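Visitor: Listed here are the chains, written in short residue letters.
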Amino acid sequence: MSLESSQERWPAAAGAPPEVALFIPCFVDQVTPEIGRDLVTVLERLGCRLRFPPDQTCCGQPAFNAGYRQEARALMRRFLDTFGNSEAIVCPSGSCTAMVRGFYPELAQSDPALAAAARRVGERVYEFSEFLVRRLGITELGAAFPHRVAVHDGCHMLRELHLKDEPRQLLRRVRGLELVEIDDAERCCGFGGSFSVNYGMISEAMAARKADALEAAEVDYVTACDPSCLLQIAGVLARRPGRVRTLHLASLLARGLASA
Amino acid sequence: MNAARQFRHAARAAAQDAEIAGILRFNIATYDAAVALGRGRFLDWREARRRAEAIKRDAIAQLDRYLEEFERRIIARGAAVHWAPDAAAAREIILEIARRHNVRRVVKSKSMVSEEIHLREALEQAGMATLETDLGEYIVQLRNEPPYHIVTPAMHLRREHIAGLFHQKLGTPADETSPEALVRAARREMRQRFVAADLGITGANFLIADHGLVAITENEGNARLCASLPPVQVVLTGIEKLLPRLADLALFWPLLATAGTGQPITCYNSLLGGPRRGGEPDGPRELHIVLLDNGRSRVLADAAQRELLHCIRCGACLNACPVFQTIGGHAYATTYPGPIGAALTPLLRGPAYDHLAYATSLCGACAEACPVGIEIHHQLLRDRAQAAAARRRPWSERLEIRALAWAAAKPRRFERAGRLARRLLRLRPQAIDGTRLDPLRPWTRYRQAPEPPPQSFRAWWRQRNSPPAPNSMAAEPPS
Ligand code: SF4
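Protein sequences, first through last, are from chains A and B. For what it's worth, numbering that gives the first Met the number 0 labels the leading residue of the first sequence as 0, then goes sequentially. For what it's worth, numbering that gives the first Met the number 0 labels the leading residue of the second sequence as 0, then goes sequentially.
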């Protein structure tokens with residue numbers, strides 16, 4: 000099936016392609032901007048009109064996770080102001096999506112107006128694969144990627160957003176791609192934000208187990224919807240002799256579109 | 000050495016111990032397979048969890064009422080109920096009972112609360128020989144260790160370890176490793192001690208309010224012996240073990256068994272209603288119930304963290320936890336290890352244990368495993384919030400977070416700070432990667448760092464979406 004035919008299915012699925020506000024997490028902006036660019040490639044190919052609200056910085060997750068709720072709350076206010084009137088907000092990170100949808104309401108709970116704003120924005124923020132599959136109703140992009148690919152289920156994707164099948168639905172429609180289910184796909188990669196540096200020895204052991212599973216499955220790539228998990232997995236893989244590479248789902252699809 | 004540093008050392012040692020990793024992996028895989036089967040026996044495991052959660056929520060929300068009801072009813076059948084505000088008080092109550100009866104020999108069944116108050120040590124110091132009669136507890140007692148896990152105390156051992164231990168301590172043949180023979184040897188030891196004991200101590204899995212009963216669940220029959228042979232029995236338990244109704248056991252017995260070991264139901268389930276009454280052939284002449292607070296009412300007072308008291312100590316979250324699987328039970332140096340221990344210990348025992356709430360990736364596998372639906376990973380976040388709000392975190396961390404919050408407060412500032420950081424990082428010579436000279440060492444000691452990109456996403460976006468102008472702020476020059 001080609002891209003055109005999936006576009007034809009849009010009106011039935013979700014109306015005209017919406018205007019999308021890009022929510023680019025701070026470390027994607029600064030450390031892995033290629034993931035943001037690939038996100039743009041894919042969404043534009045699907046006909047979305049994109050906007051990057053320039054006032055965005057950081058959603059506050061690092062502060063929130065370390066326990067600094069006051070600091071996190073200030074960043075939440077900025078985020079809610081920046082994205083308050085966007086009708087669809089798309090983020091290439093399950094973790095940051097979960098911060099906004101799952102944790103903002105708790106962070107805002109002492110202030111009813113703020114909590115209402117948080118809930119409103121939370122309803123409009125989508126993780127990338129969720130946006131494609133659930134909001135647009137698209138699984139077929141017409142991409143080709145002839146490799147063995149495993150999925151790593153990020154913890155926030157899986158347990159906060161309950162998105163497990165969405166990335167797989169997209170991958171199953173990529174021509175030539177062999178989707179490989181690995182042992183321990185749902186096992187944490189050991190990143191955990193500051194945990195990865197505060198308790199590096201535990202974090203590394205967790206990542207090693209993920210790397211073992213990937214190498215045992217002899218995949219070419221591991222994909223995920225969280226740049227931070229991929230950073231961790233790539234960091235450990237790079238120091239091992241194996242040849243498994245990491246690729247964000249948006250990047251995989253963007254490459255698959257380019258070569259289709 | 001403080002608890003946080005001790006933890007770090009122990010965690011590092013355990014994380015590098017390939018033997019223990021293999022043992023844990025094997026034991027947990029066996030457990031996982033059994034639990035998967037066990038859950039399948041429920042018509043609807045999720046629904047069972049939901050109901051269990053609702054029951055515990057009610058039990059804990061009205062704990063005062065239910066405790067009084069329990070107390071009233073079990074006293075009416077002749078038991079004595081003692082309220083212990085803390086560990087020292089609980090020890091003193093039990094020692095006092097023991098002294099009154101001239102107790103010399105004590106048999107104990109498994110009770111994590113007794114570990115919490117260091118009861119065995121206290122009894123032994125008072126000159127009373129005290130025997131753990133749960134096989135796993137017996138093994139760790141022989142090894143002079145605390146239990147490794149709240150349900151399977153000897154989870155860190157292979158059969159050969161136990162054979163060696165029994166050879167050394169009980170004189171079994173050196174080459175005897177069959178489980179049957181080892182169990183027989185332990186049983187021989189224990190039988191005499193059961194018969195000779197003047198005090199039996201058990202824990203409780205549940206306290207039943209509407210009938211005033213103590214429910215004990217076990218697989219070896221040893222708790223039943225502790226509760227029927229000695230003339231005096233003490234039940235030591237935490238105040239959170241309440242269930243409102245006897246009928247609730249119809250859910251909680253199979254739920255606990257399934258989550259704990261994968262069994263449909265644990266082998267022995269006993270309900271104790273009071274001391275021996277006229278005409279009854281066995282049971283203690285005196286039954287004492289010691290209800291321990293030890294910080295629990297503080298947790299109860301906090302509506303946001305109260306659900307930690309819903310815990311039924313099944314151990315499922317420990318087995319599910321990738322941190323526990325990496326560092327094992329002893330590294331925590333707490334009574335309750337693993338996720339529930341990490342969440343609860345800072346609240347029960349104070350700021351010295353704050354670090355445990357940070358020693359987790361917050362993956363949530365614990366919450367997924369928990370049969371009563373405690374959102375343990377969210378509770379860990381709330382522990383962290385308490386620690387940070389009370390300024391109990393290292394100044395360096397506070398500084399980092401403040402710096403991030405300051406930079407991210409203004410987009411321009413954020414962009415400039417990011418650009419500067421990336422430029423500096425690009426100067427980092429490859430030769431120092433991962434060494435002590437490396438500013439990224441906390442990361443690069445364990446894994447490779449990504450190459451800092453020349454251009455941020457926002458700079459790329461601006462460049463791409465604005466017409467090129469000679470003097471524009473738009474483009475970020477590649478650095
Ligand atoms: S927190 Fe839940 S999973 Fe962990 S021991 Fe308690 S009841 Fe079991």
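Derived by calculation from the structure, the hints in this document are not laboratory data. Model, not experiment: these values are computed from the prediction. Take these hints with a grain of salt, some might be off.
Here are the computed distance ranges between Cβ atoms for each label pair [unchecked claim]:
1) Tyr-267/B with Pro-145/A: 52 to 62 Å
2) Arg-187/B with Leu-178/A: 33 to 43 Å
3) Ala-249/B with Ser-109/A: 45 to 55 Å
EDC-like cross-link-like pairs, simulated, lysine to aspartate or glutamate; straight-line CA separation at most 16 Å [unchecked claim]:
4) Lys-163/A with Glu-180/A
5) Lys-168/B with Glu-188/B
6) Lys-168/B with Asp-197/B
7) Lys-409/B with Asp-183/A
8) Lys-409/B with Asp-182/A
9) Lys-163/A with Glu-367/B
10) Lys-163/A with Asp-182/A
11) Lys-163/A with Asp-183/A
12) Lys-163/A with Glu-185/A
Backbone N, C-alpha and C define an ideal beta-carbon position, used for all residues, glycine too.
Visitor: Now, for every hint given, state plainly whether the structure supports it.
Guide: Structure-based check of each hint:
no.: 1; hint: Tyr-267/B with Pro-145/A: 52 to 62 Å; in the structure: holds (59 Å)
no.: 2; hint: Arg-187/B with Leu-178/A: 33 to 43 Å; in the structure: violated (57 Å)
no.: 3; hint: Ala-249/B with Ser-109/A: 45 to 55 Å; in the structure: violated (41 Å)
no.: 4; hint: Lys-163/A with Glu-180/A; in the structure: holds (12 Å)
no.: 5; hint: Lys-168/B with Glu-188/B; in the structure: holds (11 Å)
no.: 6; hint: Lys-168/B with Asp-197/B; in the structure: violated (24 Å)
no.: 7; hint: Lys-409/B with Asp-183/A; in the structure: violated (41 Å)
no.: 8; hint: Lys-409/B with Asp-182/A; in the structure: violated (43 Å)
no.: 9; hint: Lys-163/A with Glu-367/B; in the structure: holds (14 Å)
no.: 10; hint: Lys-163/A with Asp-182/A; in the structure: holds (15 Å)
no.: 11; hint: Lys-163/A with Asp-183/A; in the structure: holds (13 Å)
no.: 12; hint: Lys-163/A with Glu-185/A; in the structure: holds (9 Å)
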